[in-house]
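Trainee: The lines below spell out each chain.
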Amino acid sequence: MKLIKNKYIPRHTKPFIAFHWINAISFMLLFFSGLPLLCEGFGWIYDYLGAENVQTFHHIMGVIFFINPYLGLVFAWKGYRRMISEVATFSKRDLTFAAKFGPELIGMEVHGLAPQGFYNGGEKINIALQMIACGILAFSGMALWGSDYFSSDLKPWLIAFHSICATIAFAASLGHIYLAVVVSPGSVKGMVDGSVDIKYAKDHHSRWLAELVNNGEISRKELNDALAKYR
Amino acid sequence: MAKEVVMLHDVSRCSGCRACMVACKQWHDLPADMSTEFEGEYQSHKDLTSTTYNLVKFNERLDSKGKFHWDIIKYQCMHCAVPGCAEGCPKHAITKLEHGPVVINEDLCVGCDYCSMNCPFGIPKLDEKKHKSTKCDMCYDRISEGMMPSCAKTCTAQAIDFGYKDKMLEIANKRLAELKAEGHEDACLYGTDGENLTANMIYVLPEKPSVYGLPEQPKVSDGMYLWRDVIKPIGKLASGGALLGLAGMMIVHSMVKSQDEEKNTDEKGDHIKDEADKE
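Here the protein sequences come in this chain order: S and H.
In terms of the numbering used here, the first sequence has 170 at position 170, counting the first letter as 1, and numbering is strictly consecutive.
In terms of the numbering used here, the second sequence has 194 at position 194, counting the first letter as 1, and numbering is strictly consecutive.
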């Protein structure tokens, strides 16, 4: 692996970026097309577009949302493996990071934060939460759609689980967007063209950089030369 | 309070002529429903449909002595005292009228089908063309004009009756006593305990409810109440709170950052250098 323009370091692969954005966009469209049934204040979505049209749209988006993780599993296997192994190795260090991180949310610098790997503690929590919520959403949604095949006692519970997971996933995604765009804008490029600024990587994911150097994927000289530009 | 009305179906008197089905279709101007294939049974449709609000079921059964029985019952909306359909309707399109009928307001209905899922009997059916839920409305329009529901009006065997609560309960209790006297040990009332109503549609049954495919203990799911009373309000609070909270944080964030920039424009460069060296 080489640095791009001696400055940027590849973080996410193209298929993984596609997986992320299909998931993100279909989720938001699903959330707002389902919202009129959860929140009276959003009834106007049905009024303007027609309830049946919005419900059909919700079904179509639901299929995309359901299939996308499986496509990701095949085509973005590398990023997937990373994601799962990072979440699986959630440790006390990640917890300490997430607990201490608070003041950074409002732009204050926290000193003495433990250096973080490819994903930091907060990201790991977000990934785990979204995996569970999206999993329940996808399966309860499909079950509700084909509800003739399920026991009638189950259906009201499916509606309940579907709604609570939608809410949790939405609130979490708001936090995710805020952290990306406002708190660490350097990360956004990683989900656009796949590479991040070397200084951003140094500040936020130094254990990942160390890991790349140890594996010989980038040389220490290359890294130091790139970082030197910021001095 | 308006006086409560009750529809009574005495199953022991029903001859299965299906005149009530025809009368229902006629009054509600519903087309014939040819969706069920003929499978050698007397029952016309497998279940209620969006154009069949009232179905005479012909359950076939062999009793313990090997004797064949036809358990005939007029199947329709129970007009429950606490209707799960109305309680869980996200658009508040279903109303329990003061005098008993449970009625869907088509103008408010968005066709989400939650009512069918929340109904312990699965009664409401979605009309694909109109994209509205449909079910028996107890001919509330006829009632308000002082008429009987069309099915009760047309019944040839006096199996369907309609009237004020006290009168109907009196008839139901009398018929039940007659059935017991005739030796129908399992005879019972459904939708009432003989005094209080759990539904404004009540049955006199010669056998246990399960024989007619009716749940012994119909109950509105706790899942619906969890959704309505806990998840809906919390969901609104959480989503709204997250939006407001983040907007607030964003403002504070920009203030803190601009302060920082003024303070340490020079220091910052050194700080990064130190960190890099440490590594």
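No lab work stands behind these hints, which were simulated from the structure alone.
Just so it is clear, the structure is predicted and the values come from calculations on it, not from any experiment.
Check the hints yourself; a few may be wrong.
Claimed, not checked - Capping the alpha-carbon separation at 35 Å, the derived lysine-lysine pairs in DSBU-like fashion look like this: (1) H:Lys257 <-> S:Lys14; (2) H:Lys130 <-> H:Lys67; (3) H:Lys25 <-> H:Lys174; (4) S:Lys100 <-> H:Lys232; (5) S:Lys189 <-> H:Lys25; (6) H:Lys25 <-> S:Lys5; (7) H:Lys129 <-> S:Lys92; (8) H:Lys257 <-> S:Lys92; (9) S:Lys229 <-> H:Lys257; (10) S:Lys2 <-> H:Lys25.
Trainee: Looking at the structure, which of the earlier hints fail to hold?
Mentor: 2, 5, 6, 7, 10
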